[in-house]
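Visitor: With the hints as extra help, turn the sequences into a complete structure.
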Amino acid sequence: EPEVTQTPSHQVTQMGQEVILRCVPISNHLYFYWYRQILGQKVEFLVSFYNNEISEKSEIFDDQFSVERPDGSNFTLKIRSTKLEDSAMYFCASSVGGLYGYTFGSGTRLTVV
Amino acid sequence: AQSVTQLDSQVPVFEEAPVELRCNYSSSVSVYLFWYVQYPNQGLQLLLKYLSGSTLVESINGFEAEFNKSQTSFHLRKPSVHISDTAEYFCAVSFFGNEKLTFGTGTRLTIIP
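Taken in order, these protein sequences are the chains called F and R. The opening position of the first sequence corresponds to residue 1 in this note's numbering, with each subsequent residue numbered one higher. The opening position of the second sequence corresponds to residue 1 in this note's numbering, with each subsequent residue numbered one higher.
Keep in mind that the hints were calculated from the coordinates and are not lab data.
Under 10 Å between C-beta atoms, here's a sample of chain F residues computed to sit facing chain R:
1. Val4
2. Tyr33
3. Tyr35
4. Gln37
5. Lys42
6. Val43
7. Ser48
8. Ser55
9. Glu56
10. Ser58
11. Phe91
12. Ala93
13. Tyr102
14. Gly105
15. Gly107
In silico DSS-like pairs for lysine-lysine, Cα to Cα no more than 27 Å straight-line:
16. Lys49/R to Lys57/F
17. Lys57/F to Lys100/R
18. Lys83/F to Lys100/R
19. Lys69/R to Lys42/F
20. Lys100/R to Lys42/F
Bear in mind the structure is a predicted one, so any value in this text is a computation, not a measurement. Note that the Cβ used here is the ideal one computed from N, Cα and C, for glycine as well.
Guide: Below, the structure written as C-alpha cells:
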C-alpha cells in the first residue's frame, strides 16, 4: 500500500537553528499538509498546500515557518529559528483530493534543546 | 465555535470486553467525521470515516462508529477488544467539507489481559 514517508524520524536541534523536515507524499496525490502534536496534546493543523501554493494556514504557522515542494516529489517544512516550544511530533499528510484518501506519515519527532 | 471533544483521556478495558470511545463535536455547519488510531511509536492511521450515506460505518478490524446528528456525536465501539487494540484513538472533524482536520485530544485505550 502506498505510504507517506517522513525523514528523519527523530531530529535534535539547538534553539535558534534552522531545521528542515522532509516528506515524500504519495505520488498521485495533489494536496499536502503539515500537522504537529506537542507531547500530551492534540494534533494541530499547521498548513495545507495545493498547486504549489499555501491554501490555508493556522495561526501557529507564523513567519518562521515555510513550506516548499522543491522537486515535484518532496514536500518540506522549514523552521527558520527554532524555539523550545517547537518541540513536537510533526506529521506530513497527503491526499488525492481533499478529504478522500487522506494519508499521514509516521512523523518526525523534533526536539529543540 | 467549532470544536471536537473526547472526554475520556484513558480507557482501560479487559480483553474480550466491549468498549466505547466517545467523541462529540460542536458545529453549526455540516461535518465529515473520522477516527484515527496511533499505535505505539507509529503514525496516524485512518480507522474509519463518515462522509455521507449510512450513519453507521465499520472498519475492517471490527470497530464501528455511528454518526448521530441530533447528539452531535461519533462514538467508536467494538464489541470485543483484543490486546492488539492497545493504542491512542483520535476523533477528527472536517467542518463544512474544509480539507483541514480538527482533532480531539485523544483517548488512550489500554487492554487488560
